[in-house]
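In order, the protein sequences belong to chains B and U. Just so you know, we're using our numbering here: the first sequence kicks off at 16 and counts up by one. Just so you know, we're using our numbering here: the second sequence kicks off at 30 and counts up by one.
Hints were generated in silico from the structure; no laboratory data involved. Among these hints, one or two may not hold up.
To be verified - No farther apart than 30 Å at their CA atoms in a straight line, the calculated lysine-lysine pairs in the DSSO-like style are these:
# : chain 1 : residue 1 : chain 2 : residue 2
1 : U       : Lys122    : B       : Lys488
2 : U       : Lys185    : B       : Lys419
3 : U       : Lys237    : B       : Lys440
4 : B       : Lys484    : U       : Lys171
5 : U       : Lys185    : B       : Lys488
6 : U       : Lys31     : B       : Lys365
7 : B       : Lys488    : U       : Lys154
Read off the chains here:
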Amino acid sequence: MARIGVFVCHCGENISATVDCGKVAETIGKLKHVALSTEYKYMCSDPGQTLIKEAIKEHNLTGVVVSACSPRMHEPTFRKACAEGGLNPFLCEMANLREHCSWVHEKNELTTEKAIDIVRTQVEKVKLNSALQPIKVPVTKTAMVIGGGIAGIQSALDIANCGHKVIMIERSPSIGGHMSQLSETFPTLDCSQCILTPRMVEVAQHPNITLYTYAEVESVEGFIGNFKVKVRKKAKSLDEKACTGCGLCTTKCPQKKIPNEFEQGMGMRPAIYVPFPQAVPNRPVIDKEHCTYYLKGKCKICEIVCPTKAIRFDQPDEILELEIGAIVVATGFDIKHADFFPEYGYGRYKDIIDGLQFERLASASGPTSGAILRPSDGKVPKNIVFIACAGSRDPAKGIAYCSKICCMYTAKHAMLYKHKVHEGKAHVFYMDIRSGGKNYDEFVRRAIEEDHVNYIRGRVSTIFERDGKLFVKGVDTLLGAMPVEIEADMVVLATAGVANSGAEDLAQKLHVSYDSHKFFAEAHPKLKPVETNTAGIFLAGACQNPKDIPDSVSQASGAAVKVAALFSQSELTREPLVAVVNRTSPPLYSTCVACGMCKPVCPYQAIELEEFKARDGRVVKKAARINEGLCQGCGTCVAVCRSKSIDLLGYSNNQVYAEVVALLNDY
Amino acid sequence: MKTGIYPGCSLTGSARDYNESVFALAEAFGLELNQIPDWNCCGATAAHNLNKELSLALPARILAIAEKNGIDEIIVPCAACYSRLVVTQHELKKNPELKNRINEVIEMDYRGTSKILNVIEWIDKYIIPVVAEKTVKPFNYKVACYYGCLLVRPNKVLNYDRAEDPQTMDVVMTKIGAVPVDYPYKTECCGAGFSVSRTDIVSKLSGKIIEDAEYRGADAIIVACPMCHSNLDMRRPDINKYWATEYKIPVIFVTQAIGLAIGLSPEKVGLKRHFVDVKIS
Chain B
16 MARIGVFVCH
26 CGENISATVD
36 CGKVAETIGK
46 LKHVALSTEY
56 KYMCSDPGQT
66 LIKEAIKEHN
76 LTGVVVSACS
86 PRMHEPTFRK
96 ACAEGGLNPF
106 LCEMANLREH
116 CSWVHEKNEL
126 TTEKAIDIVR
136 TQVEKVKLNS
146 ALQPIKVPVT
156 KTAMVIGGGI
166 AGIQSALDIA
176 NCGHKVIMIE
186 RSPSIGGHMS
196 QLSETFPTLD
206 CSQCILTPRM
216 VEVAQHPNIT
226 LYTYAEVESV
236 EGFIGNFKVK
246 VRKKAKSLDE
256 KACTGCGLCT
266 TKCPQKKIPN
276 EFEQGMGMRP
286 AIYVPFPQAV
296 PNRPVIDKEH
306 CTYYLKGKCK
316 ICEIVCPTKA
326 IRFDQPDEIL
336 ELEIGAIVVA
346 TGFDIKHADF
356 FPEYGYGRYK
366 DIIDGLQFER
376 LASASGPTSG
386 AILRPSDGKV
396 PKNIVFIACA
406 GSRDPAKGIA
416 YCSKICCMYT
426 AKHAMLYKHK
436 VHEGKAHVFY
446 MDIRSGGKNY
456 DEFVRRAIEE
466 DHVNYIRGRV
476 STIFERDGKL
486 FVKGVDTLLG
496 AMPVEIEADM
506 VVLATAGVAN
516 SGAEDLAQKL
526 HVSYDSHKFF
536 AEAHPKLKPV
546 ETNTAGIFLA
556 GACQNPKDIP
566 DSVSQASGAA
576 VKVAALFSQS
586 ELTREPLVAV
596 VNRTSPPLYS
606 TCVACGMCKP
616 VCPYQAIELE
626 EFKARDGRVV
636 KKAARINEGL
646 CQGCGTCVAV
656 CRSKSIDLLG
666 YSNNQVYAEV
676 VALLNDY
Chain U
30 MKTGIYPGCS
40 LTGSARDYNE
50 SVFALAEAFG
60 LELNQIPDWN
70 CCGATAAHNL
80 NKELSLALPA
90 RILAIAEKNG
100 IDEIIVPCAA
110 CYSRLVVTQH
120 ELKKNPELKN
130 RINEVIEMDY
140 RGTSKILNVI
150 EWIDKYIIPV
160 VAEKTVKPFN
170 YKVACYYGCL
180 LVRPNKVLNY
190 DRAEDPQTMD
200 VVMTKIGAVP
210 VDYPYKTECC
220 GAGFSVSRTD
230 IVSKLSGKII
240 EDAEYRGADA
250 IIVACPMCHS
260 NLDMRRPDIN
270 KYWATEYKIP
280 VIFVTQAIGL
290 AIGLSPEKVG
300 LKRHFVDVKI
310 S
């Protein structure tokens, strides 16, 4: 015989202001099998919880319904209280009287009626609850960090410094990411390389970190604590142990006119190359798409000149199979390039460049050694225009969001230009100046007031070239929408930050959601910003949305803490609210007919077909089996099961029917 | 497939040359063009500034007559008329209630089944595939293709060509041997309806369009809109006076250029009606 206890909470006045809690408790108390129905002002408080604990013992309760707020708020609280009172925690249910009733209705009798109905459904449900035991899964204490930019580096170092093993995967030949391309950083104007390169070296030398560059994730299987990841280590055509990084091969390679990715196409590189002098690892790779030997079968000059005979033309790609406990995605972002803008000539004009190209121009290690020289003729631009919001906040271009970093780096660019070209004129077209951040607005004011950068609030409609000048036509909205025309020598577009190439592909491999712009999606925009909706996979940096360095680093450390917390225990405990395919004794084994409908609909790849064999090894029966480690309890398989062989623990068909029937019946 | 044509006011008035060249091409290529009977004003700029229902009812009536006469596609040479007709079709398609209301107003049954083509689309569909075999005098000139505003805007509604950097007219011109120049003024404003009330504004804006075409070394400006044509051609004396210049670059309708290329006489395509002498032919 069920003995249910019902505890109606007033939630201060949150519930009692519109719901007659006394009437609810009294009405419910008259129901069959309800051993106790009582009310209290704050059920979640210590006295409230004690009330529940003591009632369980005193009335020998077999189930508890707490009629209070959303289970998202306090279900763990009350389940813990029940456990302390000696009841299996999964015999406790919550009736949501706050979000589902009192907050959304006026005070009247109908509201109280509805509250009674909500509690009744849970009373009927909890009668059918069964005691469940938490699921325990083992944890592999090795983390994988995908992406070797500043976010990945920070995460990897933080996790490694907690004493855990980290495997870092970077698809390009060197770690460092976009930050290694930057000249100076806002708002302090300290050199980006100077603060980054020591951390890159630390990654390479850390005893807990294994670094695979020129490598990409091939596939991901498994679940939190137990991922199986295949990584393709692309052939570098090089014996990395034999190579000393002397660089002789790179100077002798006859291919010298390949656009240099690190210089954003503003410089050239050979086919065997190290992306930049401070690269980690400082070893070359052969770019097979441009190498004369791979294209024509002849050359091999690098092999001839190599003093340690480290070149390996026949090296195959290598597939690594790794056991991983947690994954941090830190794949970063990309920017739209100047060819995205029809109104600015679709990239036809050489002297219209994007923000990253300007970074390389301003960088001491860049193609001009830090001199601001325009690409077309190498002259110093006397009049330069910066366009903030090129593509961002422009629904017509398909990018409605703010790219966040452009206001600040545009101010920095204009400042760097003024510091290097004293007599030059810098103009910035902007929509709004978004400079929220520590010392950020002061930085922008400094550009305007001390460096006399001409800020014009308005957008640019078109840019065209005439007589070697770029005609920038825009509007000054602070001067009554007055048309402005500037004859510029060079234009820098602060183009929109977008998801990195391959982000969608990777998200699908990881089974992680992403938004319409292909940025990785967090589990909750406020309270779970570093988690994804797949347990054990975390986000760091600009793969989630455009972010500056401080934000990326903060988030990366946040992700690292989540990984460290996960690794702090040898076993994981999960709620046992998973789907199960029933099992019966032979010869039936299960009512499942192995139709396999459930398998493709499972979003978590948790279902496989199990074979039952006779003694002679013959397969006598097949039935679906659900991996409780992978199952997230979504219930999709339950809905598609044609033989009703699957039930979701804690939300069985019978429990749901009981709730519905309770609503249909009078009491 | 029955093809109709909606001339609108310009083609029977200030842009008779455009009308003549369209029909000359139709005749030369054996294309049927049925004028929509009892057509009315499209509403032009006035209607949609004053009364939304009126601005939709006027084009809806034209389209309903076309539908009633079994016309499957309507050629609309004037860019402004084209815009009004397409916008009406778009608005009434997404708002069935409004469509019912407009049908009450015009006391006809507009359904939105006819396809509306601008002159470039018509040329693309019927003339370009066969123009090479008919070309006797390739149009070997450097041209500045000027699109103006309404041929490609609003882009979301028209869904035609690239709003910021349209290309279709340039492509058409290369098919008859012309060399389009890189022309940044191709969608700048010519002054449009200020042609009547503020000729000084037209002179200022159109002057820049002409100046850049000359600077780029174009032999002619190619247009597909009667309003653009009258501003760049008929207002040329005002423009030259305003800027103290002597611009002589002719302004030619795309249909006229094709006509010349296939050997039609300048008179046949209406070139003699221009204010600025067309010395190329």
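Satisfaction of hint between lysine 171/U and lysine 484/B, Cα-Cα up to 30 Å: 23 Å, holds
Pairwise hint evaluation, lysine 419/B against lysine 185/U, where the allowed Cα distance is 30 Å at most: 27 Å, holds
30 Å Cα cutoff - pair lysine 122/U, lysine 488/B: Cα-Cα ~37 Å, so violated.
Pair hint lysine 488/B and lysine 154/U, alpha-carbon separation not exceeding 30 Å: 36 Å, violated
Satisfaction of hint between lysine 365/B and lysine 31/U, Cα-Cα up to 30 Å: Judged against 30 Å, a Cα distance of about 49 Å means the pair is violated.
Restraint check for lysine 185/U with lysine 488/B, where alpha carbons must lie at most 30 Å apart: It holds: about 24 Å lies between the C-alpha atoms, which stays within 30 Å.
Satisfaction of hint between lysine 440/B and lysine 237/U, Cα-Cα up to 30 Å: 26 Å, holds
This entry does not satisfy hints 1, 6, 7, going by the numbered hints stated previously.
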